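Chemist: For reference, the chains in residue letters:
There are 2 protein chains.
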Amino acid sequence: MKMKQLLLVKLIFCFALSFGGLGLVQASDLLPSWNEGKARQSIIDFVAKVTREDSPDFVPPAERIATFDNDGTLWSEQPMYFQLMFAIDRVKALAPLHPEWKDKEPFASLLKGDVNTALAGGEHAMLEIVMATHAGNTTEEFETIVKDWLATARHPTTKRPYTEMVYQPMLELLAYLRANGFKTFIGGGIEFMRPWSEKIYGIPPEQVIGSSIKVKFEMRDNKPVLIRLPELDFFDDKEGKPVAIHQQIGRRPADAAMDHGWAGSAICALCPPHRCRA
Amino acid sequence: MKMKQLLLVKLIFCFALSFGGLGLVQASDLLPSWNEGKARQSIIDFVAKVTREDSPDFVPPAERIATFDNDGTLWSEQPMYFQLMFAIDRVKALAPLHPEWKDKEPFASLLKGDVNTALAGGEHAMLEIVMATHAGNTTEEFETIVKDWLATARHPTTKRPYTEMVYQPMLELLAYLRANGFKTFIGGGIEFMRPWSEKIYGIPPEQVIGSSIKVKFEMRDNKPVLIRLPELDFFDDKEGKPVAIHQQIGRRPADAAMDHGWAGSAICALCPPHRCRA
Chain A
94 MKMKQLLLVK
104 LIFCFALSFG
114 GLGLVQASDL
124 LPSWNEGKAR
134 QSIIDFVAKV
144 TREDSPDFVP
154 PAERIATFDN
164 DGTLWSEQPM
174 YFQLMFAIDR
184 VKALAPLHPE
194 WKDKEPFASL
204 LKGDVNTALA
214 GGEHAMLEIV
224 MATHAGNTTE
234 EFETIVKDWL
244 ATARHPTTKR
254 PYTEMVYQPM
264 LELLAYLRAN
274 GFKTFIGGGI
284 EFMRPWSEKI
294 YGIPPEQVIG
304 SSIKVKFEMR
314 DNKPVLIRLP
324 ELDFFDDKEG
334 KPVAIHQQIG
344 RRPADAAMDH
354 GWAGSAICAL
364 CPPHRCRA
Chain B
94 MKMKQLLLVK
104 LIFCFALSFG
114 GLGLVQASDL
124 LPSWNEGKAR
134 QSIIDFVAKV
144 TREDSPDFVP
154 PAERIATFDN
164 DGTLWSEQPM
174 YFQLMFAIDR
184 VKALAPLHPE
194 WKDKEPFASL
204 LKGDVNTALA
214 GGEHAMLEIV
224 MATHAGNTTE
234 EFETIVKDWL
244 ATARHPTTKR
254 PYTEMVYQPM
264 LELLAYLRAN
274 GFKTFIGGGI
284 EFMRPWSEKI
294 YGIPPEQVIG
304 SSIKVKFEMR
314 DNKPVLIRLP
324 ELDFFDDKEG
334 KPVAIHQQIG
344 RRPADAAMDH
354 GWAGSAICAL
364 CPPHRCRA
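If you read the sequences in order, they're chains A and B. 371 is the number that our numbering gives the last residue of the first sequence; the numbers go up by one with no jumps. 371 is the number that our numbering gives the last residue of the second sequence; the numbers go up by one with no jumps.
For the record, the hints were derived by calculation from the structure and aren't laboratory data. One or more hints might be untrue.
[As the list claims (entries may be wrong)] DSSO-like, lysine-lysine: derived pairs with alpha carbons at most 27 Å apart:
| hint | chain 1 | residue 1 | chain 2 | residue 2 |
| --- | --- | --- | --- | --- |
| 1 | A | K276 | B | K185 |
| 2 | A | K142 | A | K240 |
| 3 | B | K292 | A | K276 |
| 4 | A | K309 | B | K292 |
[Unchecked claim] Across the chosen pairs, the derived CB separations fall in these ranges:
| hint | chain 1 | residue 1 | chain 2 | residue 2 | range |
| --- | --- | --- | --- | --- | --- |
| 5 | A | D241 | B | F151 | 55 to 61 Å |
| 6 | A | L322 | B | L187 | 52 to 58 Å |
| 7 | B | Q134 | A | L187 | 47 to 53 Å |
| 8 | A | M219 | B | E257 | 32 to 38 Å |
| 9 | A | Q261 | B | K131 | 35 to 41 Å |
| 10 | A | L187 | B | K316 | 55 to 61 Å |
| 11 | B | T237 | A | H248 | 28 to 34 Å |
| 12 | A | A246 | B | R253 | 55 to 61 Å |
| 13 | A | E129 | B | L187 | 55 to 61 Å |
[Unchecked claim] One side only, chain A facing chain B, incomplete, derived with CB under 8 Å:
| hint | residue |
| --- | --- |
| 14 | D122 |
| 15 | L123 |
| 16 | A155 |
| 17 | A159 |
| 18 | E299 |
| 19 | V308 |
Owing to the predicted nature of the structure, the values given are computational and were not obtained by experimental measurement. Think of the CB as a built atom: it goes at the ideal place given N, C-alpha and C, for glycine as much as any other residue.
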């Protein structure tokens, strides 16, 4: 990952309330794969500024919230969103149960291996694929399906598991921020990320926010379950990002910390460099 | 608060993933207002069982999630939900801007001080009151309104601020659980609780889950804001509770820990006593 790209990663820092104090952890130990340079230095300066108690920009630990996008930031999104790769594999796996898909777009094209034609239908086509592959099971069943897929699926180019297609510098950045009292959150497809976010990123399920579909409580064979419904609950994109941060974290960037407020927290490119860009 | 009531509080423990180890903190220091008795002992036994590394019921710290209802559990809900008290006061404050309310239920009755008639319209009436009083402003404005109200409003019987109408034994229980490695969450009206949950309960905004209304990102006077819309986003009641725990925490009770699974985590009365009741 190039430094220039890192300047543009959708790394978000938001701040708000209060607590104790932690010493600054030396970056040299925790950012070994970062080149000496402007990007690395701006991270170190940022962390120093907000963690030194005598700094005018000091942020108490309880307010040190760092949120990261997953796709394209923590792991690759090439040649396409990995969650879409998952959905395509699910379409293939479920095809025998859906003979009608052979003549119905976007499924017909997907089953022929023609992803471009399948996705030509835009957001509507994408939603149809997601709903057909992400709903209809219990939350436990879906978790198992995701785990099984990640254990066996391989990236088309590198042939490595998708969970190895993560950016090493970003793993180091996550650890560096946590060592300096930050609570790290990731945004993306919630139920697709929760089964592995703790193991791969050290981010527990309750700090995974973003897109989800609706679920419904039900008793099945005398056991209570949550059924995943083919209905979007929340779509975490563009203006959805600050909404997700508000709904699921509830801390707003302090004015002083981020002039662009919610927009700044949503899209890092809008933020003043001294607080937001890494 | 009587011990018998405490046996029935909607105190929920859910468990799932993994981490290090913390010693058991002595209850005698942290539960001073609890009578020696069965309820107190069952809490101490429960915590001992899940925190001792050699225990078959050991739960790693990262999985120690305790969720509490707010209304009727952490603070009083008599003579009616405090959030409804807030809404009624808001109807009165907003009445000059809504001359039509004088002839329109449920507002007309509320303005005459007749809450019972106003609420005779059931859930629909309640929703109308909530939407008229909780929407139409930015998230920052709403937070200020809640804070101002809490600073000035007084409980009708005790004449004390509502934030003093909390149960001392429950504050101690929250602290006791946290001292033993639990992460504490509360459920209720999210935006109504977040402005004060950290100060009163030690629960940060990101651990407040439950009911909310939709918000919309907007630019106002060149500043990005989130506008509160008169539309329910999520209603955290009955079957909504396990859904909220799933969506917003994402940790499921382990089978061994809670036979009734999600229902158990939603309604404590359904849980096996060895894991759920305090």
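Chemist: Does each hint hold? Answer for all of them.
Modeler: Cross-check of the supplied hints:
1. Taking the CA atoms of A:K276 and B:K185, the gap is about 41 Å. The hint is violated against a cut of 27 Å.
2. This hinted pair does not check out: A:K142 and A:K240 have alpha carbons roughly 40 Å apart, beyond 27 Å.
3. Distance restraint check for B:K292 and A:K276: the Cα-Cα separation of roughly 19 Å lies within the 27 Å cut-off, and the hinted pair is therefore satisfied.
4. Of the supplied pair hints, the one linking A:K309 and B:K292 is violated, its CA atoms being roughly 34 Å apart against a limit of 27 Å.
5. Between A:D241 and B:F151 the C-beta distance comes to about 28 Å, which lies outside the given range of 55 to 61 Å.
6. Checked against the hint of 52 to 58 Å, the pair A:L322 and B:L187 fails, with Cβ atoms roughly 36 Å apart.
7. Restraint check, B:Q134 to A:L187: a C-beta distance of roughly 52 Å satisfies the suggested window 47 to 53 Å.
8. In this structure, A:M219 and B:E257 break the distance hint of 32 to 38 Å, their C-beta atoms being roughly 51 Å apart.
9. A:Q261 and B:K131 have their C-beta atoms about 54 Å apart, which leaves the hinted 35 to 41 Å range violated.
10. A hinted range of 55 to 61 Å is violated for the C-beta pair A:L187 and B:K316, which are about 47 Å apart.
11. Distance hint for B:T237 and A:H248: a CB-CB separation of about 49 Å, inconsistent with the stated range 28 to 34 Å.
12. A:A246 and B:R253 have their C-beta atoms about 59 Å apart, which keeps the hinted 55 to 61 Å range intact.
13. Look at A:E129 against B:L187: about 59 Å separates their beta carbons, and that is inside 55 to 61 Å.
14. With a least beta-carbon distance of about 21 Å to chain B, the hint placing A:D122 at the interface is violated under the 8 Å criterion.
15. A least Cβ separation of about 19 Å between A:L123 and chain B goes past the 8 Å threshold, and the interface hint is therefore violated.
16. Given hint, A:A155 at the interface with chain B, holds; its Cβ is 6 Å from that chain's nearest Cβ, closer than 8 Å.
17. Given hint, A:A159 at the interface with chain B, is violated; its Cβ is 12 Å from that chain's nearest Cβ, farther than 8 Å.
18. At a threshold of 8 Å, the smallest CB-CB gap from A:E299 to chain B is about 5 Å, leaving the interface hint in force.
19. Given hint, A:V308 at the interface with chain B, holds; its Cβ is 6 Å from that chain's nearest Cβ, closer than 8 Å.
In this structure, the earlier hints numbered 1, 2, 4, 5, 6, 8, 9, 10, 11, 14, 15 and 17 are contradicted, and the remaining ones agree with it.
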